[in-house]
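Could you slot chain B with the ligands onto chain S? The hints should help.
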Amino acid sequence: MTPHFGLPEFGFLLRGLQWTVLLTLVAFVGGCTAGLAVALLRTCGHKGVEWITRIYIGIFQGTPLLLQLFVVYYGLALTGLKLDAFVAVAIGFTVNASAFLGEIWRGAIQAVPRGQTEAAMALGLHYSSRMRDIVLPQAIRISLPATIGYLVQLIKGTSLAAIVGFIELARAGQIVSNQTFQPLLVFGVVGAMYFILCWPLSWWGSRMEARLALASQR
Amino acid sequence: MQDNILIEMKGVQKWYGGYQALRDVDLIVRKGEKIVLCGPSGSGKSTLIRCINRLEAIQQGSIVVNGHRLDDSIKAIDVVRQDVGMVFQSFNLFPHMTVLQNCTLAPIRARRISKSEAEATARKYLERVHIGDQAEKYPAQLSGGQQQRVAIARALCMQPKVMLFDEPTSALDPEMVKEVLDTMIGLANDGMTMICVTHEMGFARQVADRVIFMAEGQIIEEGAPDAFFRNPQHARTRQFLGEILAHH
Ligand SMILES: Nc1ncnc2c1ncn2[C@@H]1O[C@H](COP(=O)(O)OP(=O)(O)OP(=O)(O)O)[C@@H](O)[C@H]1O
Ligand SMILES: [Mg+2]
Chain S
68 MTPHFGLPEF GFLLRGLQWT VLLTLVAFVG GCTAGLAVAL LRTCGHKGVE WITRIYIGIF
128 QGTPLLLQLF VVYYGLALTG LKLDAFVAVA IGFTVNASAF LGEIWRGAIQ AVPRGQTEAA
188 MALGLHYSSR MRDIVLPQAI RISLPATIGY LVQLIKGTSL AAIVGFIELA RAGQIVSNQT
248 FQPLLVFGVV GAMYFILCWP LSWWGSRMEA RLALASQR
Chain B
955 MQDNILIEMK GVQKWYGGYQ ALRDVDLIVR KGEKIVLCGP SGSGKSTLIR CINRLEAIQQ
1015 GSIVVNGHRL DDSIKAIDVV RQDVGMVFQS FNLFPHMTVL QNCTLAPIRA RRISKSEAEA
1075 TARKYLERVH IGDQAEKYPA QLSGGQQQRV AIARALCMQP KVMLFDEPTS ALDPEMVKEV
1135 LDTMIGLAND GMTMICVTHE MGFARQVADR VIFMAEGQII EEGAPDAFFR NPQHARTRQF
1195 LGEILAHH
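Protein chains in written order, with my numbering: chain S, 68 to 285; chain B, 955 to 1202.
You can take every hint at face value.
Which chain B residues face chain S? A few, computed with CB under 10 Å, are given here: (1) R1004; (2) N1007; (3) R1035; (4) S1044; (5) F1048; (6) A1064; (7) L1118.
Note that these hints are calculated values from the structure, not bench results. What you are looking at is a predicted structure, and each value in this text was computed from that prediction instead of being measured. Just so it is clear, CB atoms sit at the ideal spot from N, CA and C, and this is done for glycine as well.
Looking at chain S on its own, in the form it has when it is part of the complex (with noise of 0.2 Å):
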């Protein structure tokens, strides 16, 4: 007999769910933290490191996910270096996500006014106070909805982890609907969980998008 869609099963998927928001988590944070050093290494001034910086954006860009992905996971393991399915796509999603968060900080770095780094040159600031105290602040406040809008794609995208066994929201939906024979309820489970996770971020998102447009319309 089939079993049917119940507190088991639930608690499976909320199983997922925890292991999607890990995921979420831990590609986000790392991915912020190398995405400002490419954005710092993409803006720096030096000719040599730019470009370098450009070609690892566009790298990442510009192929697709699933790729990296799969990279990652046999890639490595040809090599010898046997991962675990989650350190493997949480390297896989950093990496990427470092490359996005990269870009879209080098655009909000640019889009700080010149003369803000000027007036901070002029009077005796060195690079590191003049992006710690002047360009960052500024550049993360235009940069935000954008983040927070790749943020909402980074928690939707983790579903492709499931293509190296990894078990996420999306696949633990699967699984469910497999057992229960029931798509329908086990899905449409499966993505209010998505939607609460991620519509007070879009929401929030373009709170802030609104409030920068109106800022600088003053």
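Showing chain B with the ligands alone in chain S's frame:
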């Protein structure tokens, strides 16, 4: 006399790519001198003063500020920027910081003085530009004239030996020009060494020791304001003065 020289530019040549923006510029500024720099748009006035604090690099010639030769080393650039304050046409206040924070950031970070000392100095200079009561506000809450006065105070907080002004009143509504000019006149009367790019000829007459006229990247002529305005030597200067006086 030698040690009275604050800025010395010799044979300065500056290119933007293939375009030569400064041609063989020589300039000596002595302690306490007030210099007004004028000339048509694109003549290189901004470029000239931006070379003095190395916002722009030069390709030939030499610049010495307060005895320090400006080269490409971070050390030299640092030393020179400590001595040179700058005020921009578009104020360039830091919008995410209060007026007080705008004024204390550089002293704290670049001069490494304590926060309380930096704040005391900042309040002193804010008082001096008559804006002491706005210290906790953000730049966007102030008028253009007030913002420019904050920018002047911010530069003064670094206790520079010379102040550079790049058209400080050009972005202001007419009714706010006077308050900024008055602030600059006060500064001049206190003995500050100043180079001002401006087309405010009343200001030039009142405070300048020398007026310098530039065209096409060259210093064409210079003189005391009286002689400069009454009896300009070059046709190019006469034409320029005719144009701006017609405007005013
Ligand atoms: N960053 C730059 N890159 C290329 N060309 C530049 C740059 N900055 C200035 N120039 C050019 O150099 C010349 C001198 O410019 P500069 O800004 O010094 O003139 P200016 O006398 O200050 O003019 P204005 O009165 O319009 O401010 C102009 O022809 C300008 O187009
Ligand atoms: Mg100019």
